[in-house]
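Undergrad: Spelled out from the first residue to the last, the chains are:
2 protein chains.
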Amino acid sequence: MSHSTRCAACKSLRRRCRKDCVLAPYFPPTNPQRFACVHKIFGASNITKMLEQLPLHLRAVAADCMSFEASSRVEDPVYGSVGIISQLQEQIIEAQSELVKTKSEIAFHNAQQQL
Amino acid sequence: MSHSTRCAACKSLRRRCRKDCVLAPYFPPTNPQRFACVHKIFGASNITKMLEQLPLHLRAVAADCMSFEASSRVEDPVYGSVGIISQLQEQIIEAQSELVKTKSEIAFHNAQQQL
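Quick mapping for you: the protein sequence lines, in order, are chains A and B. Mapping of the first sequence onto the working numbering: residues 1 to 115, in sequence order. Mapping of the second sequence onto the working numbering: residues 1001 to 1115, in sequence order.
Derived by calculation from the structure, the hints in this document are not laboratory data. Even glycine gets a Cβ: it sits at the ideal position worked out from N, Cα and C. Do not take every clue at face value.
What the hints assert, rightly or not - Listed next, the stretches of chain B that the computed footprint assigns to chain A, with coverage defined by at least 3 CB atoms under 8 angstroms from CB atoms of chain A:
| no. | region |
| --- | --- |
| 1 | 1017-1031 |
| 2 | 1087-1100 |
| 3 | 1103-1109 |
Claimed, not checked - Using C-beta positions, here's what the derived DEER-type ranges look like:
| no. | chain 1 | residue 1 | chain 2 | residue 2 | range |
| --- | --- | --- | --- | --- | --- |
| 4 | B | SER1104 | A | GLN96 | 14 to 20 angstroms |
| 5 | A | GLU75 | B | GLU1052 | 35 to 41 angstroms |
| 6 | B | ALA1107 | A | GLN89 | 37 to 43 angstroms |
| 7 | A | PRO32 | B | ILE1093 | 32 to 38 angstroms |
| 8 | B | SER1097 | A | GLN33 | 31 to 37 angstroms |
| 9 | B | GLN1089 | A | LEU54 | 21 to 27 angstroms |
| 10 | B | SER1086 | A | GLU75 | 15 to 21 angstroms |
| 11 | B | ILE1093 | A | SER104 | 19 to 25 angstroms |
| 12 | B | ASN1110 | A | ASN31 | 49 to 55 angstroms |
| 13 | B | ARG1018 | A | SER104 | 19 to 25 angstroms |
| 14 | A | LYS49 | B | LYS1101 | 45 to 51 angstroms |
| 15 | A | GLU52 | B | ILE1106 | 52 to 58 angstroms |
Bound-form chain A, shown alone (with noise of 0.2 angstroms):
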C-alpha cells in the first residue's frame, strides 16, 4: 500500500511512498524546501538511517533538529550551524562582562554607604 499523497522524500526521490515509509511523517508534500535542504546536505539515506536509529518518539525532534542544522549550513555554507554557536557564546561573554561590571559598581555603592 502506498499514501494517497507522496511525501516530499519520495516525490523528490520520484518513487513510490509507502505506507511505511520513514521519511513521510517529517516530511510532508506541502514542505518541498524542507526536504530538498536535509536531501542536499546529509542526502536521504544518510536521514532515512539516522532517523531509523531511533525510537518512534524522538524522530520528530531530530528530523526538526537536522533540518535546522542543513538550513544552516544552506544559509552559511562555510560555519553552517557553528556559525550561530560562535555567536551565542559571543553574546554569552558579553552578558557575563556586563555581569561582573554591574557587581562591582553594586560592591562600590555598598563600600560607600559603609564609610
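Model the placement of chain B on the given structure of chain A, informed by the hints.
TA: Just chain B, lined up with the frame of chain A:
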C-alpha cells in the same frame, strides 16, 4: 600522481589518493576518526561537493565546522549541534535575567542614597 600516504578519506574509501584530492588537506591519515564521523553524517560525496563549492582559503574552516557538526550529531543523535545551541540560549537567558536583577539592585541603592 598520488600522495605517498593516502588521506583518511581515500584510505577509508579504499581508493588512490590523487595529488589533487579535495579532502586530503583536511582529513589527514593520522585522524581516521575525523573522517569516519563526517562520512557517517554527511557522506563523502556531500563533503567533497560542499568543499569544492568554497574558495580554497575557506575550506579548512568549513571542514572543521562540518567535523564539529558531525561529531555533535554522533554524540547526540537526536539534537546534534542544535542541542548545544539550546544550552547556550538558556545560558544567555540566565545571564540576562541575573543582569536585570543586579541592575534593579543598583537602582534600589541609588534611590536609597537620594533619600
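Undergrad: Against chain A, does the region 1103-1109 of chain B show at least 3 residues with beta-carbon separation below 8 angstroms?
TA: Answer holds; 4 residues pass the 8 angstroms Cβ test.
Undergrad: Honestly, do GLU75 (chain A) and GLU1052 (chain B) meet the 35 to 41 angstroms range at C-beta?
TA: Violated - the Cβ-Cβ distance for GLU75 (chain A) and GLU1052 (chain B), about 19 angstroms, lies outside 35 to 41 angstroms.
Undergrad: Just to make sure I understand the rule, a stretch counts as covered if three or more of its residues have a C-beta closer than 8 angstroms to a C-beta of the chain. Does the region 1087-1100 of chain B meet that for chain A?
TA: holds (count 8)
Undergrad: Is the gap between the beta carbons of PRO32 (chain A) and ILE1093 (chain B) within 32 to 38 angstroms?
TA: holds, 34 angstroms
Undergrad: Cβ-Cβ distance between ARG1018 (chain B) and SER104 (chain A): within 19 to 25 angstroms?
TA: violated, 59 angstroms
Undergrad: Does the beta carbon distance between GLN1089 (chain B) and LEU54 (chain A) stay inside 21 to 27 angstroms, or does it fall outside?
TA: Check passed, 23 angstroms falls within 21 to 27 angstroms.
Undergrad: Does the Cβ distance between SER1097 (chain B) and GLN33 (chain A) fall inside 31 to 37 angstroms?
TA: Given about 36 angstroms between the Cβ atoms, the range holds.
Undergrad: Between LYS49 (chain A) and LYS1101 (chain B), does the beta-carbon spacing fit 45 to 51 angstroms?
TA: With a Cβ separation near 47 angstroms, LYS49 (chain A) and LYS1101 (chain B) satisfy 45 to 51 angstroms, so the hint holds.
Undergrad: Could you check the hint for me, namely that GLU52 (chain A) and ILE1106 (chain B) are 52 to 58 angstroms apart, CB to CB?
TA: With Cβ atoms ~55 angstroms apart, the hint holds.
Undergrad: For the pair ALA1107 (chain B) and GLN89 (chain A), does the Cβ-Cβ distance stay inside 37 to 43 angstroms?
TA: About 29 angstroms separates the Cβ atoms of ALA1107 (chain B) and GLN89 (chain A), which means 37 to 43 angstroms is violated.
Undergrad: Are ILE1093 (chain B) and SER104 (chain A) spaced within 19 to 25 angstroms by their CB atoms?
TA: Because 23 angstroms falls inside the window, the suggested range holds.
Undergrad: Does 15 to 21 angstroms hold as the CB distance between SER1086 (chain B) and GLU75 (chain A), or does it fail?
TA: Once the Cβ atoms are compared, 19 angstroms apart, the range 15 to 21 angstroms for GLU75 (chain A) and SER1086 (chain B) holds.
When held up to the earlier numbered hints, the structure conflicts with 1, 5, 6, 13 and fits the remainder.
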